[in-house]
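> Quick note, the sequences are listed as chains B and P, same order. Under this note's numbering, the residue at position 8 of the first sequence is numbered 74, and the numbers go up by one with no gaps. Under this note's numbering, the residue at position 169 of the second sequence is numbered 235, and the numbers go up by one with no gaps.
Treat the hints with care, since some could be wrong.
Because identical chains cannot be distinguished in the list, a pair is counted as satisfied if it fits within a single copy or across any two copies.
Unchecked claim - Here are the computed lysine-lysine pairs in the DSS-like style, where the Cα-Cα straight-line distance is at most 27 Å:
1. K302 - K172
2. K302 - K226
3. K392 - K225
4. K392 - K172
5. K301 - K337
6. K392 - K337
7. K302 - K337
Just so you know, the hints here were simulated from the structure itself, not pulled from any lab data.
The primary structure of each chain is shown beneath.
2 protein chains.
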Amino acid sequence: METVGVAALESSIVIARAPTETKNHALTAIAARLSDDRQIVLSANLLDMENGLTNGLDPSLLDRLALNNERIEAMIEGLHQVAALPDPVGEMTDLGVRPSGIRLGKMRVPIGVIGIIYESRPNVTIDAASLCLKAGNATILRGGSEAIHSNQAIAACIKKGLADADLPQTVVQVISTPDRDAVAELITMTDYLDVIIPRGGKGLIKKLITDARVPIIKHLDGNCHVYIDDHADLKKAVDIAINSKTHRYGVCNAMESLVIAKSVADEILPKLAAMYTEKQVELRGCEKSRAIVATINEAIEEDWGEEFLAPILAIKIVDGLDEAIKHINHYSSKHTESIVTEDDQNSRRFLAEIDSSSVIINASTRFADGFEYGLGAEIGISTDKIHARGPVGLEGLTCQKWVVFGDGQIRQ
Amino acid sequence: METVGVAALESSIVIARAPTETKNHALTAIAARLSDDRQIVLSANLLDMENGLTNGLDPSLLDRLALNNERIEAMIEGLHQVAALPDPVGEMTDLGVRPSGIRLGKMRVPIGVIGIIYESRPNVTIDAASLCLKAGNATILRGGSEAIHSNQAIAACIKKGLADADLPQTVVQVISTPDRDAVAELITMTDYLDVIIPRGGKGLIKKLITDARVPIIKHLDGNCHVYIDDHADLKKAVDIAINSKTHRYGVCNAMESLVIAKSVADEILPKLAAMYTEKQVELRGCEKSRAIVATINEAIEEDWGEEFLAPILAIKIVDGLDEAIKHINHYSSKHTESIVTEDDQNSRRFLAEIDSSSVIINASTRFADGFEYGLGAEIGISTDKIHARGPVGLEGLTCQKWVVFGDGQIRQ
Numbered sequence: 067m068e069t070v071g072v073a074a075l076e077s078s079i080v081i082a083r084a085p086t087e088t089k090n091h092a093l094t095a096i097a098a099r100l101s102d103d104r105q106i107v108l109s110a111n112l113l114d115m116e117n118g119l120t121n122g123l124d125p126s127l128l129d130r131l132a133l134n135n136e137r138i139e140a141m142i143e144g145l146h147q148v149a150a151l152p153d154p155v156g157e158m159t160d161l162g163v164r165p166s167g168i169r170l171g172k173m174r175v176p177i178g179v180i181g182i183i184y185e186s187r188p189n190v191t192i193d194a195a196s197l198c199l200k201a202g203n204a205t206i207l208r209g210g211s212e213a214i215h216s217n218q219a220i221a222a223c224i225k226k227g228l229a230d231a232d233l234p235q236t237v238v239q240v241i242s243t244p245d246r247d248a249v250a251e252l253i254t255m256t257d258y259l260d261v262i263i264p265r266g267g268k269g270l271i272k273k274l275i276t277d278a279r280v281p282i283i284k285h286l287d288g289n290c291h292v293y294i295d296d297h298a299d300l301k302k303a304v305d306i307a308i309n310s311k312t313h314r315y316g317v318c319n320a321m322e323s324l325v326i327a328k329s330v331a332d333e334i335l336p337k338l339a340a341m342y343t344e345k346q347v348e349l350r351g352c353e354k355s356r357a358i359v360a361t362i363n364e365a366i367e368e369d370w371g372e373e374f375l376a377p378i379l380a381i382k383i384v385d386g387l388d389e390a391i392k393h394i395n396h397y398s399s400k401h402t403e404s405i406v407t408e409d410d411q412n413s414r415r416f417l418a419e420i421d422s423s424s425v426i427i428n429a430s431t432r433f434a435d436g437f438e439y440g441l442g443a444e445i446g447i448s449t450d451k452i453h454a455r456g457p458v459g460l461e462g463l464t465c466q467k468w469v470v471f472g473d474g475q476i477r478q
Numbered sequence: 067m068e069t070v071g072v073a074a075l076e077s078s079i080v081i082a083r084a085p086t087e088t089k090n091h092a093l094t095a096i097a098a099r100l101s102d103d104r105q106i107v108l109s110a111n112l113l114d115m116e117n118g119l120t121n122g123l124d125p126s127l128l129d130r131l132a133l134n135n136e137r138i139e140a141m142i143e144g145l146h147q148v149a150a151l152p153d154p155v156g157e158m159t160d161l162g163v164r165p166s167g168i169r170l171g172k173m174r175v176p177i178g179v180i181g182i183i184y185e186s187r188p189n190v191t192i193d194a195a196s197l198c199l200k201a202g203n204a205t206i207l208r209g210g211s212e213a214i215h216s217n218q219a220i221a222a223c224i225k226k227g228l229a230d231a232d233l234p235q236t237v238v239q240v241i242s243t244p245d246r247d248a249v250a251e252l253i254t255m256t257d258y259l260d261v262i263i264p265r266g267g268k269g270l271i272k273k274l275i276t277d278a279r280v281p282i283i284k285h286l287d288g289n290c291h292v293y294i295d296d297h298a299d300l301k302k303a304v305d306i307a308i309n310s311k312t313h314r315y316g317v318c319n320a321m322e323s324l325v326i327a328k329s330v331a332d333e334i335l336p337k338l339a340a341m342y343t344e345k346q347v348e349l350r351g352c353e354k355s356r357a358i359v360a361t362i363n364e365a366i367e368e369d370w371g372e373e374f375l376a377p378i379l380a381i382k383i384v385d386g387l388d389e390a391i392k393h394i395n396h397y398s399s400k401h402t403e404s405i406v407t408e409d410d411q412n413s414r415r416f417l418a419e420i421d422s423s424s425v426i427i428n429a430s431t432r433f434a435d436g437f438e439y440g441l442g443a444e445i446g447i448s449t450d451k452i453h454a455r456g457p458v459g460l461e462g463l464t465c466q467k468w469v470v471f472g473d474g475q476i477r478q
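The task is simple: from the sequences and hints, build the whole structure.
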């Protein structure tokens, strides 16, 4: 692993100063190689799928593991999209002159070496590598052992594409050893890695928080709330509450808890409950909600903090904005929360006081997404509070250094 | 410690939404209390100094521990300066409209709860607390045990000042238990703390990297370089090389290694060596430098990576820019490096390729400082690459959340 670290550090210097055209050339070359070698990738994936079946992998895991022509096309399309994004590296901001006479500014530069640790989806290999490469970073990728053949085949396409663009093949390194100790070593190599970005379930992330010595940019979980305020437009409230929960169930920006001001609950809750029930969403509510709709199941304490990722919804009736903010800040995972209200004062308080990476007024929580925010693509959604919050795109894969232009100035 | 964490989390919500006037009121009230109670603070400090003498503390440690009227005035002045700084909280940037119709932006908000772990200097209690408070954060401070009485006395002034501004006294908490386990517990309280900022020697920081589970913004060390290029103005080069080394020896932005292009070494090195020798700076050089000035001592490998913090300088002669960049990126601590050159091409390459938090052209490394950069004050100089690099002021004590303004939009 030390060899991998040294190679990453060395190639990080090359990719950091590579012109935009070279990086884009590599991205489109990788896309071409992936297109040419798709049968090799699909065969490798078939092997992983067969092994997965033999080893009794969970069907949802098998689904994530599976590649087909459509998924390969999506990877190719993704590479072209990343190539088309503006290059963040070199951007200068905060320019000014200080009383000493020095001119000062901040220059956006790559972070350096980024480690990506992920689970079954082989497409992460392409998604993560392409974004890191465009932002000028060297990457060390370590996927799940169940996807090892797929990842090796994809890695071979990446290597060829890098070579086509005259870049070192070690700009992107895919760790293929099935050895579990490799991860343990990777996350403590503070001399070589600048940051680790894990992509995977809560179990993986929690383990990394404990074991990693390299800083992590992470997504822990998405327990998102919608709050229907006293002053909500109830038509919008219904649309947003239904869309936030039922547009997709297994995504981190789906609503998991609905909070309703008691003054509007009598009117809106029966209507919503009927719609959720029709969509086979299980409702688990507080006592007050069950007094209005008797078919709602009783919520237990754990339900308020749970990321169901399933057709289950917790419902809480509150006195008003104060209790809503308190409840949400207490139970939320600081991911995304939305308020439905026509009251300017209340929406402004919600914006200021809700401590989440995305705070939304009168729109679905499902908008908290790199594509919807115009980032072009995202490496993930951070629930951390430092460096980058919410959807992390190219900018989150860079940092800013100070640059000083003098003319011989010295400190007095 | 859990009680401290809960109190910090609760008060972080109050201080996060406190208006600028309230925060400034608290800062000036703390200044007034410190002025009123200065005898109490000085007496407490005297006790720490006596204990320090009894326990045989190092003279440099005793110097850092000592308070006097002048240092108290500096703390009071610092509080007023922080009160006068613009409030970063609430600033909106990156506003735009997306094709879905949602309006999007980023809002600058406090980080939340910040832990500060520091060593002997009692003035850090005021400096750190005031910056964190102005940025809207709750703070947990843990100073060195040798300064315990001083810190308690200062904490009492802070509590009174917070009360004067009707803010919870737990917005700033100073841990006064001499129990060493308190630190071990503090740095793992991920449920309550958002970030730890250590202020202290390399030993403290290295221990925190290993033991902390809460993210850290840290300053590891400052092994800063000046590179005198082939195309340097030698008058500027002499000024900058002398100032960077000899302006102050014990500071993190002092030059520790001087790198000289061989084409100008014959001319400039004897002049510089004479000037350094006059200032009693010990020179440790590579073979080529010793061939030019025989009195230069032989440098060993460790000297290239060393932060001397003393009148010692390592000198390396290189073929030119390429070797200079390679040498510097290999040995530097990514703090601050300066090039002296009149060649635009070379200065641009140095800017782009040197991976340090401050990269300087034709000016002293001593400018890498929050005051010199116009931040007003700094909590420290980060040698990390994520979140904040270089001098960290109020902005580095905040983060940005996404805010979305909709009108009933849902995802299609």
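> Take the hints in turn and mark each one as holding or not.
Quick rundown of the hints versus the structure:
In the homo-oligomer, the alpha carbons of K302 and K172 lie at most 27 Å apart only across protomers (24 Å), although the nearest pairing inside one protomer, at 43 Å, exceeds that limit. Taking CA atoms no more than 27 Å apart as the test, K302 paired with K226 passes in neither setting, with 51 Å inside one copy and 48 Å between copies. In the homo-oligomer, the alpha carbons of K392 and K225 lie at most 27 Å apart only across protomers (25 Å), although the nearest pairing inside one protomer, at 51 Å, exceeds that limit. Only between protomers do K392 and K172 lie at most 27 Å apart by alpha-carbon distance; the minimum there is 23 Å, versus 38 Å within a single protomer.
For a Cα distance limit of 27 Å, the shortest separation of K301 from K337 inside one copy, 11 Å, qualifies, whereas the shortest one across copies, 81 Å, does not. Taking identical chains as interchangeable, the C-alpha atoms of K392 and K337 lie at most 27 Å apart only when both belong to the same chain, with a minimum of 26 Å there against 68 Å between chains. In this assembly of identical chains, the alpha carbons of K302 and K337 lie at most 27 Å apart only when taken from the same copy (13 Å versus 77 Å across copies).
Checked against the numbered hints given earlier, the structure breaks only hint 2 and satisfies all the rest.
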